[in-house]
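Trainee: The residues making up each chain are set out below.
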Amino acid sequence: MVEIKNISFSYGRIEAVKDVSFDVQAGECVGILGNNGSGKSTLVTCINKIRMPKTGSVCIDKHDTHKMSRLETARRISYVAQKNEISQITVFDSVLLGRKPYIKWAVSQEDMDICDETIDKIGLSAFKLRYIDELSGGELQKVMLARALVQQPKLLLLDEPTSNLDPKNQYEMLALVKSLTVERSICSIIVIHDISLALRYCDRFVFLKDGAVYKCGDESIVTPETISDVYDVDSTIEVISGRKIVVIN
Amino acid sequence: MGILKRLSGGDHEYHRYIGKKWLALIALAALLFIAILIALSVGSSGISLSEILRVIFGGGEQASRTIIFNVRMPRIATGMGVGIALAMAGCVMQNVLRNPLASASTLGISQGASFGAALAIIYFGAGTQIANASTNAITFTNPYTVVIFAFLGGITTTVLILFLSRVTGVSPSVMILAGVAISAMFTGATTLMQYFSDDNMVAAVVYWTFGNLGRAGWQEIGLIYILSAAAFVYFILNRWNYNAMESGNNTAKSLGVNVNTLILVSMTVATLISATAIAFVGTISFIGLIAPHIVRRFVGSDYRFLIPGSALMGAVVMLAADIASRMIQAPAILPIGAITSFLGAPLFLYLIIKQGKRR
Numbered sequence: 007m008v009e010i011k012n013i014s015f016s017y018g019r020i021e022a023v024k025d026v027s028f029d030v031q032a033g034e035c036v037g038i039l040g041n042n043g044s045g046k047s048t049l050v051t052c053i054n055k056i057r058m059p060k061t062g063s064v065c066i067d068k069h070d071t072h073k074m075s076r077l078e079t080a081r082r083i084s085y086v087a088q089k090n091e092i093s094q095i096t097v098f099d100s101v102l103l104g105r106k107p108y109i110k111w112a113v114s115q116e117d118m119d120i121c122d123e124t125i126d127k128i129g130l131s132a133f134k135l136r137y138i139d140e141l142s143g144g145e146l147q148k149v150m151l152a153r154a155l156v157q158q159p160k161l162l163l164l165d166e167p168t169s170n171l172d173p174k175n176q177y178e179m180l181a182l183v184k185s186l187t188v189e190r191s192i193c194s195i196i197v198i199h200d201i202s203l204a205l206r207y208c209d210r211f212v213f214l215k216d217g218a219v220y221k222c223g224d225e226s227i228v229t230p231e232t233i234s235d236v237y238d239v240d241s242t243i244e245v246i247s248g249r250k251i252v253v254i255n
Numbered sequence: 009m010g011i012l013k014r015l016s017g018g019d020h021e022y023h024r025y026i027g028k029k030w031l032a033l034i035a036l037a038a039l040l041f042i043a044i045l046i047a048l049s050v051g052s053s054g055i056s057l058s059e060i061l062r063v064i065f066g067g068g069e070q071a072s073r074t075i076i077f078n079v080r081m082p083r084i085a086t087g088m089g090v091g092i093a094l095a096m097a098g099c100v101m102q103n104v105l106r107n108p109l110a111s112a113s114t115l116g117i118s119q120g121a122s123f124g125a126a127l128a129i130i131y132f133g134a135g136t137q138i139a140n141a142s143t144n145a146i147t148f149t150n151p152y153t154v155v156i157f158a159f160l161g162g163i164t165t166t167v168l169i170l171f172l173s174r175v176t177g178v179s180p181s182v183m184i185l186a187g188v189a190i191s192a193m194f195t196g197a198t199t200l201m202q203y204f205s206d207d208n209m210v211a212a213v214v215y216w217t218f219g220n221l222g223r224a225g226w227q228e229i230g231l232i233y234i235l236s237a238a239a240f241v242y243f244i245l246n247r248w249n250y251n252a253m254e255s256g257n258n259t260a261k262s263l264g265v266n267v268n269t270l271i272l273v274s275m276t277v278a279t280l281i282s283a284t285a286i287a288f289v290g291t292i293s294f295i296g297l298i299a300p301h302i303v304r305r306f307v308g309s310d311y312r313f314l315i316p317g318s319a320l321m322g323a324v325v326m327l328a329a330d331i332a333s334r335m336i337q338a339p340a341i342l343p344i345g346a347i348t349s350f351l352g353a354p355l356f357l358y359l360i361i362k363q364g365k366r367r
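So the protein sequences, as listed, match chains A and B. For the first sequence, the working numbering assigns the number 7 to the initial residue and increments by one for each residue that follows. For the second sequence, the working numbering assigns the number 9 to the initial residue and increments by one for each residue that follows.
In short, the hints are calculated from the structure, not lab data. A hint or two may mislead.
Below, a list of computed lysine-lysine pairs in the DSBU-like style, where the Cα atoms sit at most 35 Å apart [claimed, not checked]:
| # | chain 1 | residue 1 | chain 2 | residue 2 |
| --- | --- | --- | --- | --- |
| 1 | B | LYS28 | A | LYS110 |
| 2 | B | LYS362 | A | LYS250 |
| 3 | B | LYS362 | A | LYS174 |
It should be emphasised that the depicted structure is a prediction, and the values quoted were computed from it without experimental measurement.
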């Protein structure tokens with residue numbers, strides 16, 4: 007279980023994240039929603055210690071990550087960035103990098119096996135030795151997810167994992183995250199713009215407005231009123247084939 | 009395939025792929041060995057290859073022994089040491105600054121180091137020119153003063169670059185432009201210093217900036233190697249951190265890398281070894297830029313192989329440039345700094361064009 011308590015962060019005098027608290031249970035996907043500039047990405051990087059928050063703490067199974075070294079944190083929290091810098095390395099090398107927090111001097115057989123298993127699971131076996139700069143956007147995002155998974159995290163952070171993907175890859179990616187979250191009993195936090203996608207794949211929702219939590223809860227909080235207050239748009243929520251879809255009017 | 013398996017420690021397809029990278033390193037080491045033999049045999053006294061081999065294994069004539077041990081070997085050792093230092097420094101700078109065009113010479117660190125060295129020579133009596141027309145050598149009365157001043161000059165540039173890249177968050181291309189500005193500032197300062205000093209000192213500094221491998225003695229060579237060896241150990245210990253940096257600073261942090269410390273220490277170590285090399289042999293440009301890029305073509309951006317590969321390639325390119333500098337106008341020896349610039353500048357342009365196309 008992950009407890010995020012009273013996280014605040016400022017860029018100079020501008021308060022980007024204000025006293026944010028929520029928790030995530032094992033096997034649960036939590037969607038972070040909000041306008042551009044509402045502090046979603048900043049919050050995620052604070053949870054991960056990429057940015058050190060001004061106040062607050064993140065506890066994983068009662069252990070405060072802010073009292074851990076960066077390496078220890080990396081064994082508990084993994085992160086898929088919104089944008090990835092790509093270089094001339096192979097898919098396998100790229101996934102193997104996720105084992106970095108565990109590698110002492112040389113790569114062990116266990117590291118190799120974990121990478122092989124994850125690459126197979128995500129359906130990238132055919133690309134193992136292909137350079138990542140030759141992959142499509144969807145394939146690359148899967149590589150980044152595989153890298154985050156071989157870190158064997160308790161908490162998986164995804165910052166807009168579907169923003170550059172076509173519809174098929176968006177659904178594939180989120181379905182994969184959802185099933186792995188349940189299967190491995192980990193906690194996942196997903197920053198996401200598409201509310202309909204969030205409704206389909208997330209168990210709970212945190213709406214951010216001006217850096218603070220506006221509402222937090224299950225799908226019952228996703229209402230036209232909330233959407234209007236957070237995004238300043240008029241919407242209706244339709245149920246089509248048993249799924250809730252947000253229609254912007 | 010048996011060799012590949014033995015080199016990489018397994019028969020996973022990835023092990024075979026890694027085995028090929030080991031083979032590339034072995035090929036580079038072999039190339040370096042050949043370059044050393046050629047460099048030993050090139051010179052005005054025309055010693056045959058068989059005589060060289062006899063001398064190496066303890067035989068040969070006294071005259072050949074003197075030439076090889078007192079003239080050619082120190083020169084080759086210097087060339088290799090400087091090549092290794094500059095190439096490793098370039099390789100690591102390109103990584104931590106996230107800029108393929110970074111190197112001691114393109115960031116202005118060489119120029120800063122040159123300024124520091126000139127300051128030490130002119131105002132702090134660290135080196136004087138021997139009045140010997142045939143060698144035109146500079147004797148360093150206190151080589152460590154030159155190194156310290158060169159390092160201070162280099163590190164000043166590094167601090168400026170780091171300040172610009174970290175605090176103001178400028179883009180990689182602007183960082184190189186900042187390097188151009190800093191280079192111009194240091195070159196101007198060096199010129200002013202020369203303007204106000206006497207003829208001998210001006211000659212010493214001008215000659216110093218040409219770059220000359222024949223000027224370092226065993227003591228200086230030893231210092232270059234000790235520092236390079238220490239830097240190599242630090243760089244290799246951080247090879248996985250550099251690999252993580254290739255995915256961007258945020259991803260590297262999420263993989264457990266202390267990014268700010270890594271950048272700071274790596275840049276300081278890289279500045280120290282390049283400034284030391286430059287302090288003893290003069291301004292030698294582009295080695296730090298060329299060598300890592302050539303090696304990248306064979307081993308990709310995997311720093312487990314790129315760091316040792318760059319070191320070997322730096323040594324090979326330096327020896328090749330030295331051989332060229334001694335053969336083009338034999339028996340005269342052309343300034344090695346000019347030769348490396350001729351080799352490096354076209355590659356620099358090629359990289360800029362390639363980057364432009366990618367955008």
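Trainee: Now tell me if each hint is right for this structure.
Mentor: Structure-based check of each hint:
| no. | hint | result |
| --- | --- | --- |
| 1 | LYS28(B) with LYS110(A) | holds (23 Å) |
| 2 | LYS362(B) with LYS250(A) | violated (48 Å) |
| 3 | LYS362(B) with LYS174(A) | holds (33 Å) |
The earlier numbered hint that this structure contradicts is number 2, and it is the only one.
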